[in-house]
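A.B. asks: Sequence:
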Amino acid sequence: MNLSVDLKVIKVGLLITLLSLIFSIGMGITFGAKEEVFKNYISKNVAMYPEVHDKKSTAKIWRYAQRAHFHAGGIASYSLALLLIILLSKMKDSYKRLSSTLIGIGTLYPFAWYSIYVMAPIIGRGAAKHHILTESIVYISVGSVIIGTVILFGSLFFNTFNEEK
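Here the numbering used here is used: the first residue of the sequence shown is -6, the next is one more, and so on.
Just to be clear, a hint being listed does not mean it is correct.
What the hints assert, rightly or not - No more than 27 Å apart at the CA atoms, straight line, and that leaves these computed lysine-lysine pairs for BS3-like:
| # | residue 1 | residue 2 |
| --- | --- | --- |
| 1 | K1 | K122 |
| 2 | K37 | K27 |
| 3 | K122 | K49 |
| 4 | K48 | K37 |
| 5 | K27 | K53 |
| 6 | K53 | K1 |
| 7 | K49 | K32 |
| 8 | K53 | K37 |
To be verified - Ranges between beta-carbon positions, derived for each pair:
| # | residue 1 | residue 2 | range |
| --- | --- | --- | --- |
| 9 | V5 | N155 | 19 to 29 Å |
| 10 | H123 | K32 | 19 to 29 Å |
| 11 | E29 | N155 | 44 to 54 Å |
| 12 | G147 | Y42 | 45 to 55 Å |
| 13 | R60 | I140 | 18 to 28 Å |
| 14 | L8 | K83 | 21 to 31 Å |
| 15 | F150 | Y42 | 46 to 56 Å |
| 16 | H123 | S(-3) | 45 to 55 Å |
| 17 | E29 | S(-3) | 18 to 28 Å |
Derived by calculation from the structure, the hints in this document are not laboratory data. Where a beta carbon is used, it is the ideal one built from N, C-alpha and C, also for glycine.
Can you build the whole structure from these sequences, using the hints too?
C.D. replies: Here it is, written out as structure tokens:
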């Protein structure tokens, strides 16, 4: 079987998704090679700003870094599957482009966890979770993946957004 598919229509979403997957892989490699870099960053800053921390801070902040890694790998992986479905669907190219880009933007959600990891040792866990950067990443990425998935579902199950025959 000779398969040739033009990826141009999903290239933006595919690029963002692959970069998110690379982020996950990179974090995993870094955890394996130099986990202490992450842990030292946390403990050094928690000690420097004790007024915004409790006994659980160090462990919880370390968990935020892990969540960034886990979410990046998981979300990017299932997003690749969604992009393949979009590519092979009967959707109009303009909607393929839109939905794949939105789903790609959705893969940026793990960067919210990463931003919490970076900020929490300095400003505290609660402040980091509610920081405008963190909340912006969450709302934009989650909203994007929902809209992109709704477009895909509309195409697959209700024949909306599809090429007319």
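A.B. asks: Would you mind marking each hint as holding or not holding in the structure?
C.D. replies: Hint by hint, here is what the structure shows:
1. K1 / K122: violated, 36 Å
2. K37 / K27: Holds, at roughly 16 Å.
3. K122 / K49: Distance of about 15 Å is within 27 Å: holds.
4. K48 / K37: holds, 14 Å
5. K27 / K53: The given pair, whose Cα atoms are some 19 Å apart, holds under the 27 Å limit.
6. K53 / K1: violated, 41 Å
7. K49 / K32: The hint holds at about 14 Å.
8. K53 / K37: Given pair K53, K37 holds - Cα atoms ~15 Å apart, limit 27 Å.
9. V5 / N155: 19 to 29 Å: Holds: the Cβ-Cβ distance is about 21 Å, inside 19 to 29 Å.
10. H123 / K32: 19 to 29 Å: holds, 24 Å
11. E29 / N155: 44 to 54 Å: At roughly 53 Å between Cβ atoms, N155 and E29 fall inside 44 to 54 Å, so the hint holds.
12. G147 / Y42: 45 to 55 Å: Between G147 and Y42, where Cβ atoms are some 48 Å apart, the hint holds.
13. R60 / I140: 18 to 28 Å: holds, 24 Å
14. L8 / K83: 21 to 31 Å: holds, 24 Å
15. F150 / Y42: 46 to 56 Å: Once the Cβ atoms are compared, 51 Å apart, the range 46 to 56 Å for Y42 and F150 holds.
16. H123 / S(-3): 45 to 55 Å: Holds, at about 48 Å.
17. E29 / S(-3): 18 to 28 Å: Given about 47 Å between the Cβ atoms, the range is violated.
When each numbered hint is compared with the structure, violations occur for hints 1, 6, 17.
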